[in-house]
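Asks: Please build the complex by placing chain B with the ligand on the supplied structure of chain A, with the hints as guidance.
Protein chains in written order, with this note's numbering: chain A, 1 to 473; chain B, 1 to 410.
If you are wondering where the hints come from, they were derived from the structure by calculation, not from laboratory data.
Using N, Cα and C, we set each Cβ at its ideal position, and we do this for glycine too.
It cannot be assumed that every hint is accurate.
Cross-link-like lysine to aspartate or glutamate pairs, in silico, DMTMM-like; alpha carbons within 25 angstroms at most [to be verified]: (1) B:K161 x A:D265; (2) A:K245 x A:E215; (3) B:K200 x B:E219; (4) A:K333 x B:D315; (5) A:K341 x B:D315; (6) A:K256 x A:D246; (7) B:K143 x A:D265; (8) A:K344 x B:D183; (9) A:K377 x B:D266.
Take a look, some chain B residues computed to stay more than 10 angstroms from chain A by CB distance [as the list claims (entries may be wrong)]: (10) M14; (11) I198; (12) V374.
What follows is a set of in silico ranges between Cβ atoms, one per label pair, in the way DEER data are often shown [as the list claims (entries may be wrong)]: (13) B:D63 x A:K104: 50 to 56 angstroms; (14) B:K317 x A:E298: 33 to 39 angstroms; (15) B:T13 x A:K288: 57 to 63 angstroms; (16) B:Q301 x A:V3: 23 to 29 angstroms; (17) A:A396 x B:T13: 47 to 53 angstroms; (18) B:S272 x A:K288: 17 to 23 angstroms; (19) B:D149 x A:V3: 28 to 34 angstroms; (20) A:A396 x B:T153: 43 to 49 angstroms.
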Amino acid sequence: MTVQKFDIVVLGGGPGGYVAAIRAAQLGYKTAVIERENLGGICLNWGCIPTKALLRSAEVFHNMKHAADYGLLAKDLGFELDKVVKRSRGIAAQLSGGVAHLMKKNKITVIEGEGKLVKPGLLSVSKDGKKIADVEATDIILATGARARELPHLKADGDKIWTYRHALVPNVMPKKLLVIGSGAIGIEFASFYNELGADVTVVEMMDHVLPVEDEEISAFALKSFKAQGLKIITSASVTKLDKKKDIVVCTVEDNKGKAQTIEVDRVILAVGITGNVENIGLEENGIKVDRGHIIADEWGHTGVKGVHAIGDLTGPPWLAHKASHEGVIVIEKIARDKGHKEIKDLHPIDKGNIPGCTYCRPQVASVGMTEKTAKDKGHKVRVGRFPFMANGKAIALGEAEGLVKTVFDAKTGELLGAHMVGAEVTEMIQGYTVARTLETTEAELMHTVFPHPTLSEMMHESVLDAYGKALHF
Amino acid sequence: MAIEIFMPALSPTMESGTLANWLVKEGDTVESGTILAEIETDKATMEYESIDDGVVGKIIVADGTENVAVGTLIALLLEEGEDASAMDDISSGGMASVEINTEASPAAAPAPVAPAHVAPTTISPTGDRVFSSPLARRIAAQKDINIADVSGTGPRGRVIKRDVESYTPREVIRTATFQLHSDAPFEEIKLSNMRKTIAKRLTESKQTVPHFYLGVDIELDNLLAARKELNGMSDDYKISVNDFIIRACALALKKVPAANVQFGGDVMRHYSRSDVSVAVAIPGGLVTPVIRGAEQKGLRQISDETKELAKKARDGKLMPEDYAGGTFSISNLGMMGIKQFQAVINPPQAAILAVGSGEQRVVINNGEMKPATVMSVNLACDHRAIDGAVGAEFLGAIKTYLEHPSTMLL
Ligand SMILES: Cc1cc2nc3c(=O)[nH]c(=O)nc-3n(C[C@H](O)[C@H](O)[C@H](O)COP(=O)(O)OP(=O)(O)OC[C@H]3O[C@@H](n4cnc5c(N)ncnc54)[C@H](O)[C@@H]3O)c2cc1C
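Chain B with its partners taken away, still in its complex shape:
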């Protein structure tokens, strides 16, 4: 029988993706390691390698198909010595779950109520596989919880008993129905997966996370001098102001650990490492690669990593481990001449720093006017997790590090 190729889960949370491109065609010989296709998820485009040797017998899901559920049969591979008849026994059953959710059919069919003695299957009504333990599924069924709503903490994010037992159903955010209207001529463009994710995450953030904002001005002259000196010493690196900001934030999170937190309903999680997400604009949206343990990394390393991640981001090559799970975010629009702005928190994180441009301003110090390079920053905090005084202390720490960059050496 032919080898079945299924839509891969390229990250633990991936539920479906777009089959962007086939890189092989029917009749091609492939071996383990051959790139079969490019798969686009909400965050990145990834290559899908074959793990078997064979000849591509049939491509079942065509290029450009969106919303292909993880686990859907997408192609068949013939093993050595097999001919097309080897594909006869394989029903195209998998195809049925290639479901393009159009506006016309918004809700998935209600889940059948499983009789108590029948173990519910792993397939949720939308056809996405949820990794979960049998016991978790049993308890979820008994409590009428949709296992797909529960986030897993077991090995590889598997949903286990403890997750179901501690699950409290959240108010489901109804997908608003949009009534778009204008007389102006228009063209309608399908949303990319990334755009959909941005829309979903940030709507959820603004609707459920109580934001408050703190602003402060930071004088940059010392930092610019230090930067100039460092960059003048070697051509091997070029440290940016943003690299200083990443390091300052990472150290400030260490200094004010109460700001390195996430709100978890009935628990608060305190992180002991500063994993700083940096917003990077890419065509069609933005991604937030993470500098992990940034407090333990020097400017050079931060600079190198940021450059590498930004390049990967622009090439659409970020891997899930590159962008998942930061503890704090920085969004910098300074290079675009923005004086100041407020950013939307990237849940489940509890704070984000919005950075404006450094510009010459007149500052008054002890009654004396003098010119200085000043940058305005704004910190948005999740008030459930961080109170005003903690936010102020944290922002103060960032300011001190940036205004006196030599303290970052301590």
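One chain only, chain A, in its complex shape:
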């Protein structure tokens, strides 16, 4: 067996890993990616993309059900779940193929197999339990991602109890569904199956749904979910799943210890994410792991020479764009340390400026601090709000439900945070993200001309409202 030598090797071909590899190749390094399953990682194959494909089907179905509102006729409505899923899988496969093409274009070697760090500078790769290659590299990037967290009393069986992997390729259309956890993943599946007609209950441990979001936005979303027929139980946890022949009996306890049981035919576990830290040689090489995630510094360095880690493997926020951005930074830092001339302007990722999006109906998107966090941190705040029902485009679209909220520091005019709920807000949040990254104040936002008629006008109005100057409400 020959030893393959590279400058940089990336373990894991998800959005963290494959982007890191592309950047490394661009900078002239001989680069390889080791991937055991599919290029594109969770994001393209089992995460961001296939869920958005499913949710799009749900959205179109929703619009069909409301065709009459638009003066249209739609009769004999229905859906074929297998075709909905087939479309989602097709899109995932198409994009994974696209990543393979990008690897080829950038002359990156893709090694298919399970990789493991032997020692700094050396990885071994095996396939079906047999060793197939030794791979040497001056710098190694660990990007093995994460998977659904399970708990001793909450374990998936792939039949009646699902993780997102099973929920993406359902063996049956659930009639009654329990979703445990109301973070982005849980709520997106709840929204999807609810739209297709399942009777869905969501259990959340915290006191509000989408717990990382601003409380006011969360409350707004909750009202809308309930109006759509979703049942939501907050401040409660599922303590037991009792599998019977055709059903699962779920025990739900509130925070005072009062229990109730719910009978469903399917359960989705969405209680969090845990890093893929096992069997990749971490302990042996002194790489520190804390609660399922590698500890790395702001540049992705693990403290062990030549070994770096990025993406879901290094902890929250578990988002593809965070993984990719870290992938670029880790490579540019390595290059800068080697004296690469091209790297002059390098900055670690500012976690306060990573937007978060949830693609349920209505969509939720945010960046920066919630109103509560801002106040807890001692800011005196000015808050602006603008409702979708006062926006011409929203009304024309038939999407008059939503809210754009902005939080400013009263003294300096810093945009501390922006929070939105409503149609297409995930496409708009980058406007506020650019504003935060450039450190604009309310003044520049007010001076900006927003096109009419668009939903984005609400972003302007919300800023104006924070200073008592909203024009259309």
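Replies: Frame of chain A; chain B with the ligand shown alone:
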């Protein structure tokens, strides 16, 4: 309307420069890539390329004008089909900021106090553009900080919120008034930008950096033998003693990382790479090109890079990335027969090595006298950043590498 050509910022810190030479004249046709002019900054002379196509309509700032602020309108370019009338709407407003600071008007006018609700503009009172975020400017105005005094850490050196929040005003060094006096006849020569920078930086260094000095003698016979052997093997390169010194210092900075630091007020910065600045004398002053990551480079590469940078320096062609940001400096006057001297630290660096000439001396070893080639070096350290023991350890490491050059292979 004609295309306006402004004084470029050729480096992130450049505030103004001298328009040394126009290489085009009115009526010349230029295209994207044509060199329009040579601009002299405090460090180098650089060529300024056109990014547009057109005909030079008017040269507004003449050859040899000093202190032209970045952003000043210096010329107008007519686009295809335009005639001189295209220049009518352009006010010569830019010219007003071509301000030659003479002794007669030492201080810039005080900045108007901006009312709180007016966002201060990016233009500082001296007319130099400071790249800064709106939020940074707002906070600076609220705290009465002149944004131009704050050094930026954002993208491309932009001043951002964090910089203003962590800014502590430094004692402003007053420009001393000089009373020159002697009966001898004299000629007065204007200072070049480089001379001004040297004067400013080194005055600041001696006034604000607490220097201490450590000296040591280094025997060079092993090194000279190694050098002779290496140079005898090929005509493709010629390694100098100085190349050995650069490599030895770079490795010593790695070995004693506590010496590869910069003092930052309330933080200390520890560098993980040895970027060695090498002082190069050029007509009218000196510059310090940087060998980056010198600890990862072999003698051959160090030698090649040093030669290339020294040539660029002498030709006035150094680019900012060639000389900015070393972590340690070497000044070698050995080739000029200087036995030993002490150097002034080049801030924000924390140490500089002054190298004397190698000469035959008698050394006594175990009671025996023997001839040896000995070189005296002196290390100046910023005591805020480096203490005596660390300095001694660092200098000891340099000595060991130079006296036993084979250890540099380890
Ligand atoms: C249902 C769902 C929906 C999501 N929706 C969104 C969304 O809308 N927006 C968003 O930003 N994020 C979303 N995410 C999160 C997003 O998918 C992750 O943040 C992202 O994939 C992390 O990228 P990564 O490169 O760190 O890891 P991963 O994408 O997990 O990639 C890791 C790769 O490493 C491989 N690997 C692991 N171990 C080894 C080994 N030993 N040898 C070889 N290969 C190995 C794996 O096979 C995998 O391909 C979603 C996640 C889920 C589960």
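Asks: A separate judgement is required for each hint: does it hold in the structure or not?
Replies: Each hint tested on the structure:
Between K161 of chain B and D265 of chain A the alpha-carbon distance is near 54 angstroms, which puts this suggested pair outside the 25 angstroms criterion. Our distance criterion of 25 angstroms between C-alpha atoms is broken by K245 of chain A and E215 of chain A, whose separation comes to about 40 angstroms. A threshold of 25 angstroms between alpha carbons decides the hint, and for K200 of chain B with E219 of chain B the separation of about 37 angstroms lies outside it, so the pair is violated. Restraint check: the Cα-Cα separation between K333 of chain A and D315 of chain B comes to about 32 angstroms, which exceeds 25 angstroms; the hinted pair is violated.
A threshold of 25 angstroms between alpha carbons decides the hint, and for K341 of chain A with D315 of chain B the separation of about 21 angstroms falls inside it, so the pair holds. Note on K256 of chain A and D246 of chain A: the hinted pairing is violated, with a Cα-Cα distance of about 30 angstroms set against a maximum of 25 angstroms. Straight-line distance between C-alpha atoms of K143 of chain B and D265 of chain A comes to about 63 angstroms, which puts the hinted pair past the 25 angstroms bound. Taking the CA atoms of K344 of chain A and D183 of chain B, the gap is about 52 angstroms. The hint is violated against a cut of 25 angstroms.
Note on K377 of chain A and D266 of chain B: the hinted pairing holds, with a Cα-Cα distance of about 23 angstroms set against a maximum of 25 angstroms. With a closest Cβ-Cβ approach of about 15 angstroms to chain A, M14 of chain B is found to remain outside the 10 angstroms limit, as its non-interface label requires. Interface exclusion of I198 of chain B from chain A stands, the closest Cβ pair being 25 angstroms apart, more than 10 angstroms. A cut-off of 10 angstroms between C-beta atoms confirms that V374 of chain B is not in contact with chain A; the least separation is 33 angstroms.
For D63 of chain B and K104 of chain A, the Cβ-Cβ distance of about 54 angstroms falls inside the hinted range of 50 to 56 angstroms, so the restraint holds. As the Cβ distance of K317 of chain B to E298 of chain A is approximately 36 angstroms, the hint placing it in 33 to 39 angstroms holds. Checked against the hint of 57 to 63 angstroms, the pair T13 of chain B and K288 of chain A fails, with Cβ atoms roughly 39 angstroms apart. Taking 23 to 29 angstroms as the suggested C-beta distance range, the pair Q301 of chain B and V3 of chain A conforms, at roughly 27 angstroms.
Remark: the range hint 47 to 53 angstroms for A396 of chain A to T13 of chain B is upheld by a beta-carbon distance near 52 angstroms. The hinted range of 17 to 23 angstroms is satisfied by S272 of chain B and K288 of chain A, whose Cβ atoms lie roughly 19 angstroms apart. Between D149 of chain B and V3 of chain A, the C-beta spacing of about 56 angstroms breaks the proposed range 28 to 34 angstroms. Checked against the hint of 43 to 49 angstroms, the pair A396 of chain A and T153 of chain B passes, with Cβ atoms roughly 46 angstroms apart.
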